[in-house]
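Student: Use the sequences and the hints to build the structure in full.
Numbering-wise, the sequence shown is residues 9 to 105 according to my numbering.
Hints in this document: simulated from the structure, not taken from any laboratory. Backbone N, C-alpha and C define an ideal beta-carbon position, used for all residues, glycine too. Be careful, since some hints might not be right.
In silico EDC-like pairs for lysine to aspartate or glutamate, Cα to Cα no more than 20 Å straight-line [said to hold, decoys possible]:
1. K60 with E11
2. K97 with E11
3. K60 with E29
4. K33 with E101
5. K60 with E79
6. K33 with E62
7. K97 with E29
8. K60 with D44
9. K78 with E29
10. K60 with E20
11. K33 with D44
12. K33 with E79
13. K97 with E20
14. K18 with E62
15. K33 with E91
16. K78 with E62
Simulated restraints, written as ranges between beta carbons of each label pair [claimed, not checked]:
17. Y85 with L28: 18 to 26 Å
18. V59 with Y15: 17 to 25 Å
19. Y12 with N41: 32 to 40 Å
20. K60 with E29: 13 to 21 Å
21. Q100 with P58: 28 to 36 Å
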Amino acid sequence: MGEYRAYSLKNEGFIHCSTLEQIPKVVAAFYQNQPDLLVLAISPEQLQSPVKWEQPQHPNPENATLELEKETFPHIYGAINLESVVFVKPLQEFINS
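Tutor: Given below as structure tokens:
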């Protein structure tokens, strides 16, 4: 069916992910000025690549917050197979729903 490979997969070896509850904090810390972001809901049971729960690795370390440092985040070590994607929504639509 196809797959999604984020830029970070090539450069860092994994795709950065968040739980639904973590999304607002991550957006506030790192992505406030990026209105075109999408939320992909992924089914762990359908995902073919391995997932590791790890401390955050910040795309912009100067914006790191102590609150986020206390959490672990899902990092996907491989492509996201499209059949594992439950839904895709624009970030603003997701936050407003």
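Student: Run every hint past the structure and note whether it holds.
Tutor: Against the structure, the hints:
Taking the CA atoms of K60 and E11, the gap is about 19 Å. The hint holds against a cut of 20 Å. Of the pairs offered as hints, the one joining K97 and E11 holds, with about 17 Å between alpha carbons and a cut-off of 20 Å not exceeded. For the proposed pair K60 and E29, the alpha carbon gap of about 18 Å is at most 20 Å, so the pair holds. Taken as a hint, the K33 and E101 pair is honoured in the structure, with Cα atoms around 16 Å apart against an allowance of 20 Å.
Using a Cα cut-off of 20 Å, the hinted pair K60 and E79 holds, with the two alpha carbons roughly 13 Å apart. Straight-line distance between C-alpha atoms of K33 and E62 comes to about 16 Å, which keeps the hinted pair within the 20 Å bound. Only pairs whose Cα atoms come within 20 Å are accepted, and K97 paired with E29 is accepted, the gap being roughly 16 Å. Of the supplied pair hints, the one linking K60 and D44 is violated, its CA atoms being roughly 27 Å apart against a limit of 20 Å.
Between K78 and E29 the CA atoms are separated by roughly 14 Å; this keeps the pair inside 20 Å, and the hint holds. For the given pair, K60 sits about 14 Å from E20 by alpha-carbon distance, which is consistent with the 20 Å threshold. At roughly 17 Å between alpha-carbon atoms, K33 and D44 fall within 20 Å of each other, so this suggested pair holds. Among the hinted pairs, K33 with E79 is consistent with the structure: their alpha-carbon atoms are about 11 Å apart, no more than 20 Å.
A hinted pair counts as satisfied when its Cα atoms are at most 20 Å apart, and K97 with E20 does not qualify at roughly 25 Å. Taken as a hint, the K18 and E62 pair is honoured in the structure, with Cα atoms around 18 Å apart against an allowance of 20 Å. Restraint check for K33 and E91: the C-alpha separation of about 27 Å exceeds 20 Å, so the hint is violated. Between K78 and E62 the alpha-carbon distance is near 10 Å, which keeps this suggested pair within the 20 Å criterion.
Between Y85 and L28 the CB atoms are about 21 Å apart, so this pair conforms to the stated range of 18 to 26 Å. At roughly 19 Å, the beta carbons of V59 and Y15 sit within the given window of 17 to 25 Å. Look at Y12 against N41: about 23 Å separates their beta carbons, and that is not inside 32 to 40 Å. Range check, K60 to E29: Cβ separation about 19 Å, and the 13 to 21 Å hint holds.
Distance hint for Q100 and P58: a CB-CB separation of about 31 Å, consistent with the stated range 28 to 36 Å.
The earlier numbered hints that this structure contradicts are 8, 13, 15 and 19.
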